[in-house]
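Build out the structure end to end from the sequences listed, making use of the hints.
Order-wise, the sequence lines are chains A and B.
So that you can map any letter, position 164 of the first sequence is 219 in this note's numbering, and since no number is skipped, the others follow by simple counting.
So that you can map any letter, position 135 of the second sequence is 140 in this note's numbering, and since no number is skipped, the others follow by simple counting.
Among the hints, erroneous ones may be present.
Claimed, not checked - Here are the simulated SDA-like pairs of lysine to any residue, each with C-alpha atoms no more than 20 Å apart in a straight line:
hint, chain 1, residue 1, chain 2, residue 2
1, A, Lys129, B, Asn247
2, A, Lys129, B, Arg90
3, A, Lys136, B, Arg90
4, A, Lys126, B, Arg90
5, A, Lys126, B, Phe251
6, A, Lys136, B, Gly237
7, A, Lys129, B, Lys157
8, A, Lys121, B, Arg249
9, A, Lys129, A, Gln105
10, A, Lys126, B, Lys157
11, B, Lys157, A, Lys136
None of these hints come from the bench; they were simulated from the model.
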Amino acid sequence: MATEQLEIGYGTEVLIGELNLSIRSGEIIALVGENGSGKSTLIRTLAGLQTSLGGRITLNGDSLQKMSMNKKAKIIGTVSKVTTENIMLTGYKFVSHGRYPYIGWNGRLRPIDDRVINESLDLVKASHLADRTINNLSDGEMQRLVIARALAQESSLLFLDEPTVFLDQSTKLILLNLLRDLSIKRGLAIVSATHDIEYFQQITDTVWNINSDQKPSKVWSSNTEDFALDIHQNFSQGMELALARDLHHNKIFIDAPDELKTLTQQLFRRHAWDITKFKTESDYCITLCMNQDSHGGQIRWSLINRKTLSEISGNSFRELVTGISNVTSTAD
Amino acid sequence: MPSKDIPIAVVVCVVVLLILIFCGIALGSIKIPIDQIDNILLSQESTNHAWNTIVWQIRIPRTITAVLVGGALGLAGLQMQTLFRNPVADSSILGVTAGATWGVALSVLIGATTPATDFASAIGWELTSVTTFSAILGAGLVLFIILLAAQKVRSVGTLLIIGLMMSYVLGSSITLLLAWADPENIQRYISWGFGSFRSPGWGGLFWLAPLLILSSIMAITSAKQLNAVIFGEAYAKSIGINTRLFKTITLASAAICAGTVTAFCGPITFIGIAAPHIARRLTKTSDHFVLIPTTILVGAIVATLAEIVAQLPGHDSVLPLNAITALIGAPIVIWVLIKYQASTENI
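In structure tokens form, the structure reads like this:
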């Protein structure tokens with residue numbers, strides 16, 4: 056899937072414009088941004104559930120906007136919060152909705168539909184929920200069925216809107232493992248809007264961050280390879296990062312918005328730096344402790360300190376800290 | 006397990022309906038022996054010619070009307086409750102019933118002064134036909150507005166409010182008409198408002214049956230879409246449902262049902278709200294492939310039972326149908342809701 060100059064929003068109000076995004080087979084993308092920044096709107100628009108205000112969305116070269124709902128549903132699966140109050144359906148019946156794009160008006164399931172439904176239930180480890188009524192299930196169990204339903208659509212692209220919300224810690228990890236397996240085993244491309252980036256960063260290939268600027272205008276994407284560049288871009292959008300270091304205790308203090316802290320942590324992990332501790336001290340401060348002797352891939356790191364943009368790089372903790380030291384002293 | 010309850014519930018409903026249909030034909034203000042009923046039904050012959058006429062010209066069309074109207078109203082109620090995700094919705098919620106009532110009020114309260122009644126009179130229709138024709142015009146007008154609004158408005162909640170507002174506007178204009186009408190016409194209007202399955206007769210059934218069957222077929226073929234929208238429109242779209250087309254078909258189908266029933270039988274209330282709830286509790290499922298046939302059967306049962314009771318077997322007088330549907334139906338609904346509450350919570 057790719058977008059060209061896509062504009063999303065409601066009515067005539069453009070929420071985000073000039074979006075040029077691409078999603079590759081098997082890629083896992085985490086979509087982050089503040090509440091109201093347009094994450095869900097972007098998910099709905101890309102999934103074809105909401106009309107775009109401008110630009111194009113193409114799926115394997117075909118225009119998504121001109122595609123029938125039925126054809127879209129065979130390619131794109133969507134996972135969002137489902138309200139099950141007062142709805143009396145078994146888990147199997149619910150998952151069978153995923154076969155609707157393939158079956159006729161009378162709803163008769165063919166043997167192949169039955170097989171796909173059972174396989175989907177099995178894949179999300181929810182076969183035991185097939186005969187249970189959905190309004191009696193926990194959030195985690197229901198989330199599995201919603202994903203199984205999307206899998207039963209045999210789609211190659213999965214959009215998830217806050218899939219980990221309301222889930223406890225262990226269920227979140229189970230869900231993330233499931234998504235990673237689906238991406239690897241089925242080549243499923245996954246885009247998920249989330250506030251739980253600290254969980255998602257463990258499986259994600261790419262982060263789309265909707266700029267928290269007051270006038271959101273861009274989504275920037277990030278691949279592992281050019282992560283540092285993304286941080287640089289994010290800084291130049293006006294985010295401020297304050298750094299201090301404590302050489303004796305091998306610590307770097309970072310004072311930055313939450314999403315940036317997460318990205319920073321991810322950056323270090325991607326480049327195989329040995330982080331011994333990554334702890335959020337307060338809303339605005341994290342402590343990053345590293346093994347002083349740790350060597351990893353080279354980190355390129357763009358910094359803003361007191362409105363001065365600099366770039367540091369290093370192959371070891373000491374080089375990095377020295378670089379930070381130089382930047383901060385120059386700024387002083 | 007729901008799968009075990011479904012056939013039992015449907016089979017029981019079919020048996021009960023068949024018994025009630027027979028009772029509807031056998032019982033009435035004139036007492037006819039059961040063996041004579043059999044003769045009349047099988048060979049259309051009886052020792053008393055009047056009995057033959059009563060059964061074939063009054064009771065059979067009346068019972069067929071009750072079955073058709075009850076089934077169709079129940080089905081339309083199920084469609085509306087699912088589409089609007091509102092447990093107290095029925096086909097009257099669209100304002101179409103109010104439109105039909107308004108048409109009738111114009112013809113009955115003002116008399117032969119409307120274009121509709123002029124036209125009907127000009128082609129030689131009787132007064133009842135004029136009333137029916139006016140109701141169809143009123144329902145059609147509201148249906149047209151609703152379908153037009155459905156193309157412009159995306160939210161079903163907004164559509165619901167538009168339907169309610171139209172009902173209020175039409176209701177207010179009827180109140181104004183009542184304020185100026187002759188007492189005799191007011192009496193006729195109130196009598197029509199009681200509702201009746203006797204009014205259409207074979208002549209009315211000629212129009213009523215095809216229209217109700219048409220609206221029911223439109224609903225039955227939308228079972229898959231109805232199953233999808235119980236989780237909302239976005240969900241339905243995500244599994245490939247063309248929600249705009251579905252909304253248009255559903256609104257048209259429910260409106261045809263409501264308009265037709267109101268035109269021929271008066272504003273029949275309650276069945277549309279009650280039948281889907283009873284069907285849900287009996288089958289313990291929200292699957293419309295099961296709910297639709299069960300709701301049709303339950304609607305037909307409630308309507309036929311109400312009609313039998315309204316006739317007060319053995320007496321000359323007839324009770325207002327709308328009073329009976331609610332009097333019988335409301336306690337049944339409450340009983341069913343309470344009885345099945347625990348079991349549905351545990352399945």
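Against the structure, the hints:
no., hint, in the structure
1, A/Lys129 <-> B/Asn247, "holds (14 Å)"
2, A/Lys129 <-> B/Arg90, "violated (27 Å)"
3, A/Lys136 <-> B/Arg90, "holds (16 Å)"
4, A/Lys126 <-> B/Arg90, "violated (27 Å)"
5, A/Lys126 <-> B/Phe251, "holds (17 Å)"
6, A/Lys136 <-> B/Gly237, "holds (11 Å)"
7, A/Lys129 <-> B/Lys157, "violated (28 Å)"
8, A/Lys121 <-> B/Arg249, "holds (15 Å)"
9, A/Lys129 <-> A/Gln105, "holds (17 Å)"
10, A/Lys126 <-> B/Lys157, "violated (25 Å)"
11, B/Lys157 <-> A/Lys136, "violated (27 Å)"
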